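Trainee: This is what each chain is made of:
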Amino acid sequence: MATSENSNSNNGTGGGCNPGKLPEASRLIGEWLSGSITPADFDLLQTMLRDCSEVRRMLREEVNLEQVLRENASVTADLKAWSPEGLPDHDGEGEAAVMPFPGQDAKSRSKKYWISWAAAASLAVLLSAGTFLWGGRHALSKDLVQEETNRGCAILTHVVNAEWLDDDNSRRTGDTVNSGMLKLACGFAQVEFFSGATLLMEGDAELEIVSPWEAICHSGKVRVRVPPPARGFLLHAPGMKLVDLGTEFGVQVNPEDLSSEVHVFEGEVEAHPNNQELISLKEGMGLYKEGNKVAPLPGVRPDDFMGLERLDAITATRAKARYDAWATWKKDMCGDERLVVYFPFERQGKWQRMIGNGCNPCNPDRNGGVVGARWTQGRWPMKDALEFKRPGDRVRLRIDGEYEALTLTCWVKVDGLDRKFNALLLTDGYDAGEPHWQITQDGKMMFSIAYPDDEHPEVKRNQVHYSPVVFNRSNIGRWHQLAVTYDNCSGEAIQFVDGKEVSREVSPLYQPGRKIVYGACELGNWGLPLQDHQFPVRNLNGCMDEFAIYQIALAGDELKKIYEASKPE
Amino acid sequence: MSSDASAAPAPPEHYETFVRLFVHHEGRLRGFLRTLVRDWDDVDEVMQETSLVAWRKFSQFDPDTNFMAWAAAIARFEALKHLRKQSRDRLVFNDDILDLLAEESLEEVDSLERHRSALGKCLEKLDSRQKELLQLAYQPGVKFHEVAAQAGKSAQAFYKTIQRMRAALLQCAEKQMQAEAAT
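Line order of the protein sequences matches chains P and L.
End of the first sequence = 1096 in the numbering used here, gap-free, step of one.
End of the second sequence = 165 in the numbering used here, gap-free, step of one.
Simulated from the structure, these hints should not be mistaken for lab results.
This one's a predicted model, so the numbers in the text were calculated from it and none came from an experiment.
Incorrect hints may appear among the rest.
Here are some chain P residues pointing at chain L (derived, C-beta under 7 Å) [stated by the list, open to error]:
1) Gly557
2) Leu576
3) Arg577
4) Asn591
5) Leu592
6) Gln594
7) Val595
8) Leu596
9) Arg597
10) Ala600
11) Ile841
Residues of chain L clear of chain P, computed beta-carbon distances all greater than 10 Å [as the list claims (entries may be wrong)]:
12) Asp21
13) Ser41
14) Met50
15) Arg98
16) Ala161
17) Glu162
For each residue, glycine too, the CB sits at the ideal point set by N, CA and C.
With these hints in hand, go ahead and build the complete structure from the sequences.
Mentor: Rendered as structure tokens:
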């Protein structure tokens, strides 16, 4: 608190305002902005600010500068995230080094997009206010709506036994959903809207997502739960609009005659049938609508609608069955003599920092050491995984020997592609015969082997292979099986995602018969970056469940089998 | 449309006007807030509240008056509320200084805006390497000292480089403003 000061408060430039002190004031302001100022210096800065308008002006200008720099950086960062295709395909390991950001280009675009970006940001903030805003949504400029759609409207948080009829038949738990149609033939899907509303749809059902605040039930059964922050969530049924005032309710639409029923299980819903007055439905009340007829329901039937708790129970049972099947499969799999190392990622103790090589018989020299990474839930609630988040997180291991071929497989949940290169398996350094396996920031898998030219070390001769883009905004955050095979006889590198081949090629720099070696290496990080490398920081942001290295290149159908035996759902 | 009895919001057709005004002044408001609170995370939080309150009260805003002054008054109040909620820590200035800074910031809204646009022009003049460094140092969600640690070089050296660039940018902006004032 303010204690009595030794000099009087003075708004002018006299008193303690000595021009010789300005450089010091500048330093203190810098330290204050970066959060590194000491308590004593902070007191000194306060005194200077109190006494000297010039120092206050400096502070305002420094803050102004910092604000401009941050705006600029966030716009560029935002653009990077939005347009992975827009940046040059620079790998830093392959061809000559160029700057990753063509400044002019990014700049000119950043200007253009700045307004809509900022507007979308404040829009997101405003939308969380809750009620009454959808009316204005349509009035917004096209840019705003565009941004909002790109950001997605909801997340699929549970998908059980589902078969989808719409274009995107591969929807899975963890997917982000944009506005558009969800056609569920059978099974259940839980949709969590970004507004906070949760909707459970039960196949056969058709749901159209309009925005984080609005959806249309065209047919089938849905159950909606709206917590207070999502009050005002809007659900349309044919000829009727339902405004949720913080509650739980069910809607059933019969696609034959477009009749619909509303059941309010808790709280209150406002029903707006076409051309008719608003009807307020309280807990235990229901409404039947067919054509222009509207009638109260004699009673609600909560058990007719799948509840979130029941879905949880079904999900848990299924997860247990999948886990058990995997555990049985694993017993055979770990005896495979072609395995070099196999990490099932099963934690024994609460604070276990060693991960066992699960090959049977086991070579304990190939156990891994966990650094930083923490244990978390894997593909199923009863299965462990390691989470890599911070720049220091990694698993260290050492693999001896020389190899003619390899298969690398792992289950990974990528939470973000923060780095130019995001490590799966990297050897320390990058010497002759050493493989590097990583994901690029634009969502491609990248497999490479170093074969430097000893006579011309400045010429990069590494074999580098990229897959097409496999990670994008809508599929990160869910479990995928990644694999790559390579053998030095054919020179072919083949990459797989979820058991499916995504790329196959022979590098133009391939020469037959060159050995593959590992030595000291790391999962999820780069232990010993090359000196002066442009992109030394490569920590993975995500979780790893299973990891295996084989000494042969497994065939595609065998990888497909492994995928089927170990997939989460 | 739902009835919201607690507040009397502006009609939805005013929403676009509001967003436009708010976005237009957002940068200035953020700079204004940064002088009042502890760090940029706090600025984000207070900005959220400010935008909500401003929209709720938008029906009371007189379009013939200065939006920045109106919004800054709200922002200032929200900042004080925010500071009161947290235990005041050592990086928050005393109330008398906060008052001085807030008053003067409002008086100087126009010149600070010219300063911002001058800084923008000066940023354009940097070469791509310098731009990239600044981009690294000020990317969202990242603390300065973390970037310095990641940059590989000593944190001290990184910090100094950035400070030099900042000083150069401020100088450039000053010249730019003088030149503009002269024409």
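Trainee: Does each hint hold? Answer for all of them.
Mentor: Status of the hints after comparison with the structure:
1. Interface restraint check for Gly557 of chain P: the shortest CB-CB distance to chain L comes to about 6 Å, inside 7 Å, so the restraint holds.
2. The closest approach between the C-beta of Leu576 of chain P and any C-beta of chain L is roughly 5 Å, which is under the 7 Å cut-off, so the hint is satisfied.
3. Look at Arg577 of chain P: its Cβ gets to within about 6 Å of chain L, closer than 7 Å, so that hint holds up.
4. Hint status for Asn591 of chain P relative to chain L: holds, with the closest Cβ pair at about 5 Å, below 7 Å.
5. Among the interface hints, the one on Leu592 of chain P holds; its C-beta lies about 6 Å from the nearest C-beta in chain L, closer than the 7 Å criterion.
6. Here the hint on Gln594 of chain P is kept, as its CB sits about 4 Å from the closest CB of chain L, short of 7 Å.
7. Annotation: interface hint on Val595 of chain P holds; nearest CB of chain L at approximately 5 Å, less than 7 Å.
8. For Leu596 of chain P, the suggested interface contact is upheld, since its CB lies about 4 Å from the closest CB of chain L, less than 7 Å.
9. Here the hint on Arg597 of chain P is kept, as its CB sits about 5 Å from the closest CB of chain L, short of 7 Å.
10. Taking 7 Å as the C-beta cut-off, the interface hint given for Ala600 of chain P holds, the closest approach to chain L being about 4 Å.
11. The restraint placing Ile841 of chain P at the interface with chain L is violated, with a minimum CB-CB distance near 34 Å, outside the 7 Å limit.
12. Chain P draws Asp21 of chain L into its interface by the beta-carbon criterion, the shortest separation being 6 Å against a cut-off of 10 Å.
13. Once the 10 Å rule is applied to beta carbons, Ser41 of chain L is consistent with being away from chain P; the minimum gap is 12 Å.
14. Consistency note on Met50 of chain L: stated as away from chain P, and its beta-carbon is indeed over 10 Å from all of that chain's, at 14 Å minimum.
15. Listed as outside the interface, Arg98 of chain L is inconsistent with that label: its C-beta sits roughly 6 Å from the nearest C-beta of chain P, within the 10 Å cut-off.
16. Remark: the non-interface label on Ala161 of chain L is consistent with the geometry, its nearest Cβ contact in chain P lying 17 Å away (cut-off 10 Å).
17. The beta carbon of Glu162 of chain L is kept farther than 10 Å from every beta carbon of chain P, the shortest such distance being approximately 16 Å.
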